[in-house]
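Number of protein chains: 2
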Amino acid sequence: MAELVVALDFPAADVAVDMAGRLRGTAPWMKVGLELFCAAGPDVVRAVADLGFRVFLDLKFHDIPNTVRGAVRSAVRSGADMVNIHLMGGERMARAAVEGLHEGAQTTGSVPLLFGVTVLTSTAQGELPGISTDIGEYAASLAASGAAWGLNGVVCSGYEVESIKKRCGASFLCLTPGIRPGGGAGGDDQRRVMTPAQAVSAGSDYLVVGRPVTGAADPAAAARAIMAEMAAVRR
Amino acid sequence: MAELVVALDFPAADVAVDMAGRLRGTAPWMKVGLELFCAAGPDVVRAVADLGFRVFLDLKFHDIPNTVRGAVRSAVRSGADMVNIHLMGGERMARAAVEGLHEGAQTTGSVPLLFGVTVLTSTAQGELPGISTDIGEYAASLAASGAAWGLNGVVCSGYEVESIKKRCGASFLCLTPGIRPGGGAGGDDQRRVMTPAQAVSAGSDYLVVGRPVTGAADPAAAARAIMAEMAAVRR
Numbered sequence: 011m012a013e014l015v016v017a018l019d020f021p022a023a024d025v026a027v028d029m030a031g032r033l034r035g036t037a038p039w040m041k042v043g044l045e046l047f048c049a050a051g052p053d054v055v056r057a058v059a060d061l062g063f064r065v066f067l068d069l070k071f072h073d074i075p076n077t078v079r080g081a082v083r084s085a086v087r088s089g090a091d092m093v094n095i096h097l098m099g100g101e102r103m104a105r106a107a108v109e110g111l112h113e114g115a116q117t118t119g120s121v122p123l124l125f126g127v128t129v130l131t132s133t134a135q136g137e138l139p140g141i142s143t144d145i146g147e148y149a150a151s152l153a154a155s156g157a158a159w160g161l162n163g164v165v166c167s168g169y170e171v172e173s174i175k176k177r178c179g180a181s182f183l184c185l186t187p188g189i190r191p192g193g194g195a196g197g198d199d200q201r202r203v204m205t206p207a208q209a210v211s212a213g214s215d216y217l218v219v220g221r222p223v224t225g226a227a228d229p230a231a232a233a234r235a236i237m238a239e240m241a242a243v244r245r
Numbered sequence: 011m012a013e014l015v016v017a018l019d020f021p022a023a024d025v026a027v028d029m030a031g032r033l034r035g036t037a038p039w040m041k042v043g044l045e046l047f048c049a050a051g052p053d054v055v056r057a058v059a060d061l062g063f064r065v066f067l068d069l070k071f072h073d074i075p076n077t078v079r080g081a082v083r084s085a086v087r088s089g090a091d092m093v094n095i096h097l098m099g100g101e102r103m104a105r106a107a108v109e110g111l112h113e114g115a116q117t118t119g120s121v122p123l124l125f126g127v128t129v130l131t132s133t134a135q136g137e138l139p140g141i142s143t144d145i146g147e148y149a150a151s152l153a154a155s156g157a158a159w160g161l162n163g164v165v166c167s168g169y170e171v172e173s174i175k176k177r178c179g180a181s182f183l184c185l186t187p188g189i190r191p192g193g194g195a196g197g198d199d200q201r202r203v204m205t206p207a208q209a210v211s212a213g214s215d216y217l218v219v220g221r222p223v224t225g226a227a228d229p230a231a232a233a234r235a236i237m238a239e240m241a242a243v244r245r
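These protein sequence lines map, in sequence, to chains R and S. If you're matching positions, the first sequence starts at 11 in our numbering and goes up one per residue. If you're matching positions, the second sequence starts at 11 in our numbering and goes up one per residue.
FYI, nobody ran anything at the bench for these hints, they're computed from the structure. Some hints here could point you the wrong way.
Claimed, not checked - Listed next, the in silico SDA-like pairs over lysine to any residue satisfying Cα-Cα at most 25 Å (straight line):
1. R:Lys175 to S:Gly146
2. R:Lys176 to S:Gly140
3. S:Lys175 to R:Pro139
4. S:Lys176 to R:Pro139
5. R:Lys175 to R:Ala154
6. R:Lys176 to S:Lys175
7. R:Lys176 to R:Ala134
8. S:Lys175 to R:Gly140
9. S:Lys176 to R:Gly140
10. R:Lys176 to R:Ser120
11. R:Lys176 to R:Gln116
12. R:Lys176 to R:Gln208
13. S:Lys175 to S:Ala226
14. S:Lys176 to S:Gln208
15. S:Lys176 to S:Ser211
16. R:Lys175 to R:Gly89
17. S:Lys175 to S:Met237
18. R:Lys175 to R:Ala212
19. R:Lys175 to S:Gly89
20. R:Lys176 to R:Thr118
21. S:Lys176 to S:Ala157
22. S:Lys175 to S:Gly146
Hey, can you work out the whole structure from these sequences and the hints?
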């Protein structure tokens, strides 16, 4: 059953934690991204987890292997249930992240999910320096590498889920950002957006929604409506 | 005159701030990387800056443009004097980072330096998924893009400084990690290491040294010895 992840895209902890509080009893996951984490640090992860949510710490690590191993270890110890890395960082970095995941879990007692970023969903064909191959094919080949390197799944556009599942197996998880009830570009960076129903039909396991929930007049109602749309899709 | 940056590669704030305290009056810069920042958040940047150091917040942002803009803004507001992004993130992301830099500086009153990561110094030829061109050439072309997109400089191996300066001009700054007094691989990730004297001779503007200082019996003495070696090089 696909799960909803609400992106807490706020510049400060108080507003983010307040929003999470208003969403209790709706989506099971909250996402803490770079802007919020750079402003608030690991305390905001703990605060959101303490409200009963599972937390996706979306920092997209991309550094030398030893640093990524340490960063994942720290992220796990902060209470994150899901973390991610860039697969463009290569095999040694990815395997170091897997090691950091398990080292961190020795402190917390549970092993979080480790996702790989293939191609950012904001990236259009021709925008990847040095990469001339088809962007969908490049993303699928990175996903296959991620599966081979021991990751749990990948962040990818809804349009790539089917080919990734075919190539990496149904149990290899897909998390899809840029979900928009009613589809249509939201005027932000996401280039390849989908509706919740489309993404669930495509086979995505986690759907990330930001402004359409957190910017709604009644965020909890908006979240419940999206979850109802998701549940109505027969897979 | 090239400047020394000491990498505070520690898993917790107390140890890192203690080390910075022991290094007062030696290196002008301290570096806070992903592992320390994920454990401690922006408070550690302020604590190190309050000791009188300039702080390089080395998080290597690589996300959708809007998120990187917000992350750089938050990083600047935390008191960082230098931040960095991956140039593999492309032009839109890089230009969004430049916007975030100036937005953040409206709060702090000074515009930090924005550096681009070309190819991680831990990456060997053939390890970059989808990139078959020569790694030095790929790094130099990314550096040229970074200069065109408005960055202050790039993180690069000492072996690439000359070609980058030739291509981007002497005022385009180069920061070189993996510096080792006496050279020789240090058993960690860095693949293309140099001595302080070699890096200064090559034209590098900032030299990053980690364990050779922070792991020394007398860190302050180790830092001073490296700075003396740097100063002795005639450019």
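So, going through the hints one by one against the coordinates:
1. R:Lys175 to S:Gly146: Violated, at about 35 Å.
2. R:Lys176 to S:Gly140: holds (21 Å)
3. S:Lys175 to R:Pro139: holds (20 Å)
4. S:Lys176 to R:Pro139: holds (21 Å)
5. R:Lys175 to R:Ala154: Holds, at about 10 Å.
6. R:Lys176 to S:Lys175: violated (46 Å)
7. R:Lys176 to R:Ala134: OK: Lys176 of chain R and Ala134 of chain R at ~23 Å, within 25 Å.
8. S:Lys175 to R:Gly140: holds (21 Å)
9. S:Lys176 to R:Gly140: holds (21 Å)
10. R:Lys176 to R:Ser120: It is violated: about 29 Å lies between the C-alpha atoms, which goes past 25 Å.
11. R:Lys176 to R:Gln116: Roughly 33 Å between the alpha carbons, so the hint for Lys176 of chain R and Gln116 of chain R is violated.
12. R:Lys176 to R:Gln208: It holds: about 18 Å lies between the C-alpha atoms, which stays within 25 Å.
13. S:Lys175 to S:Ala226: Status violated; Cα separation ~33 Å.
14. S:Lys176 to S:Gln208: holds (18 Å)
15. S:Lys176 to S:Ser211: holds (15 Å)
16. R:Lys175 to R:Gly89: violated (29 Å)
17. S:Lys175 to S:Met237: holds (23 Å)
18. R:Lys175 to R:Ala212: holds (10 Å)
19. R:Lys175 to S:Gly89: violated (44 Å)
20. R:Lys176 to R:Thr118: violated (34 Å)
21. S:Lys176 to S:Ala157: holds (12 Å)
22. S:Lys175 to S:Gly146: holds (13 Å)
When the structure is compared with the earlier hints, violations turn up for hints 1, 6, 10, 11, 13, 16, 19 and 20 and for no others.
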